[in-house]
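Whenever a hint applies, use it, and build me the whole structure from the sequences.
What follows is the residue order along each chain.
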Amino acid sequence: MKIFVKFFASAREAVGSDNVQVAVKEGATANDVLELFGSQFETMNRLRPYVRVAVNQSYVVNDHVLHEGDEVAIIPPVSGG
Amino acid sequence: MKIFVKFFASAREAVGSDNVQVAVKEGATANDVLELFGSQFETMNRLRPYVRVAVNQSYVVNDHVLHEGDEVAIIPPVSGG
Amino acid sequence: MVRIQEAKIHVEEILGSVVVPEAGGVDVFIGTTRNHANGKNVVALHYEAYVPMALEMMRGIEKELYRRWKIRAAAIVHRVGEVPVTEASVVIAVSADHRADAFAACRYAIDTLKKDVPIWKKEIFEDGEAWAENIEARFKIQDRSIGYES
Amino acid sequence: MVRIQEAKIHVEEILGSVVVPEAGGVDVFIGTTRNHANGKNVVALHYEAYVPMALEMMRGIEKELYRRWKIRAAAIVHRVGEVPVTEASVVIAVSADHRADAFAACRYAIDTLKKDVPIWKKEIFEDGEAWAENIEARFKIQDRSIGYES
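Residue numbers (this note's numbering), protein chains in the order written: chain A, 1 to 81; chain B, 1 to 81; chain C, 1 to 150; chain D, 1 to 150.
Among the hints, erroneous ones may be present.
Stated by the list, open to error - DMTMM-like cross-link-like pairs, simulated, lysine to aspartate or glutamate; straight-line CA separation at most 20 Å: (1) A:K6 x D:E48; (2) C:K122 x B:E13; (3) C:K70 x D:D111; (4) D:K40 x C:E22; (5) D:K8 x D:E87.
Hints are computed from structural coordinates only; laboratory data are not their basis.
Okay, here's the thing in structure tokens:
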């Protein structure tokens, strides 16, 4: 199934893109997405322990199961304010 | 000795004046001033339990002893802010 | 910076006096005239102050803020005379490197001002008028027996 | 009212949106760009946001303020893009009948925003740049094992 992955701030710089469409297998979790990009980008891999994942604009736990068309956002530690 | 008594807000309205010069005897206290005006003005007498006294622009306890030329202010409950 | 003024208070101007390049945050408290008090409609408010003593006490509060918290700058401004509904009677602004200090100092300043600084507000109702009394000031007076020479 | 904007934030305008005749006080927190971070000189700051999610979370914070405290109105405004030193990156204003509610709600709003809302700040130093990380956000991440699905 297809999902849309958005990267912000340091995560965006780590993968060199702010928006990627990827195919993952049924039952894939937020963690599988982190694994996928962590294995491709060393800097992203180093960020993994610190990022949170949001699906369709809500934070989720890492074993959250994804669905077709989900918007998955990789959220490095925030620094607003 | 001469002192200068200032009245504010409800105390000013009670005595009908904002500034009075009075003669008191040596050793007179803040409390003697309250007594003096309380005995002359019924409304001032009713205010007495609620007012604070400042001498030369600092709050004092009621048995504070006054000196020649002191500026004695009768301070009803404040309501700034 | 402390000030008592008859003119309308402009918050941006006061902010300008406390925002410094080193500070990361400012907390500002703005006391505004309410249209109601004790269940009655307030049509106007009139503030008066024992100006030299009030300024001296406001300076004392300002000094205390620097003593108690790590702050960069502070401003305490009170208006006197007529203050229409929704306009500011008092503005307190405190800048600090860390917001906890800004919040705590600002809160302390307004609490202390309402308790002690010789400023009075008369509420003009449709059917009469009354001198307001801060609840904080009333508590203070109950303590009078212990004395508080300052 | 919640808003994310690129334009400079004008505090008086935001105040205008929260001051209501019934309220007696407003607490305003203003986060300003500091000229230093981790002992280095900051020459510029750049904010970015995951805008739709950030707005949704800001609306959630706003609702929570009304749920937890007796407040009259609230505004949470964040700026994105370049924010020069001393200019505001965030302004939070809360009006209430009683100042304790205004202070508590305002503090809660900035604390929660800094911890959770997807907004990031890049600090540009003389000799490099770095993504900042709120200490509050770091604590949150240590809690991740317990999960916080929302």
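A quick look at each hint next to the structure:
1. A:K6 x D:E48: holds (13 Å)
2. C:K122 x B:E13: holds (12 Å)
3. C:K70 x D:D111: holds (19 Å)
4. D:K40 x C:E22: holds (12 Å)
5. D:K8 x D:E87: Distance of about 8 Å is within 20 Å: holds.
In this structure, none of the earlier numbered hints is contradicted; all agree with it.
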